[in-house]
Amino acid sequence: MSWAMAAYDHAETHYNILCAVPDARILRLSAVDDRICKTFSETFPHLNVDCFTEDDIKSEEQKELWRSFCNEFDGVVEDYNRGTLLRLDSSGGYDEKNTCIVPRVQFLAIEIARNRRGLNNRIHQIKSEQ
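With the numbering used here applied, the sequence shown covers 1190 to 1319.
Bear in mind the hints are in silico, worked out from the structure with no lab data behind them.
Since no wrong hints were added, every one of them can be taken at face value.
Below are the EDC-like pairs computed for lysine to aspartate or glutamate, each with C-alpha atoms no more than 20 Å apart in a straight line:
(1) Lys1227 with Asp1239
(2) Lys1316 with Asp1278
(3) Lys1316 with Asp1239
(4) Lys1247 with Asp1284
(5) Lys1286 with Glu1243
(6) Lys1252 with Asp1268
(7) Lys1286 with Asp1239
(8) Lys1247 with Glu1231
(9) Lys1316 with Asp1284
(10) Lys1286 with Asp1198
(11) Lys1247 with Glu1285
(12) Lys1286 with Asp1244
(13) Lys1247 with Glu1261
(14) Lys1227 with Glu1261
(15) Lys1286 with Asp1245
(16) Lys1227 with Asp1263
(17) Lys1227 with Glu1267
(18) Lys1316 with Glu1201
(19) Lys1227 with Glu1253
(20) Lys1316 with Asp1212
(21) Lys1286 with Glu1201
(22) Lys1252 with Asp1263
(23) Lys1252 with Glu1231
(24) Lys1247 with Asp1278
Ranges between beta-carbon positions, derived for each pair:
(25) Lys1247 with Asp1212: 28 to 34 Å
(26) Cys1289 with Asp1223: 24 to 30 Å
(27) Gly1264 with Glu1231: 17 to 23 Å
(28) Ser1280 with Lys1252: 22 to 28 Å
(29) Glu1231 with Ala1209: 28 to 34 Å
(30) Glu1201 with Arg1311: 14 to 20 Å
(31) Phe1241 with Trp1192: 19 to 25 Å
(32) Gln1314 with Ser1191: 30 to 36 Å
(33) Gly1282 with Asp1245: 18 to 24 Å
(34) Leu1254 with Asn1205: 27 to 33 Å
(35) Arg1311 with Arg1224: 24 to 30 Å
Only a predicted model underlies this, so the values are computations on that prediction, with no experimental measurement involved.
Glycine included, each C-beta is placed from N, C-alpha and C at the ideal position.
Starting from the given sequences, assemble the full structure and let the hints guide the process.
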């Protein structure tokens, strides 16, 4: 299976889980969520994980920080550098305007932070109201 198909399947599965779980704060996305979250919070204390632009995470300055962050998880997180779809706005789904491609550990860091802050709970609420 191509990496693009795998990324799409992963995004679809992730979104379906968010739709089904009323409180995303209980979700674990990896065996090392705590370590990822701690390192992410220390490295990117001012990143607004709720909603950001692609430039907020892919500027030249940010690329260097993210490269260093990601490399810390080489050998720790399986396929840490695999291309993965990430939602830019946590209240939206995976669509062309709300999605960018990032390394898997970057997806994990941002989505773990969103889960722990309760930001992903809106997805379940929106789906429940439909």
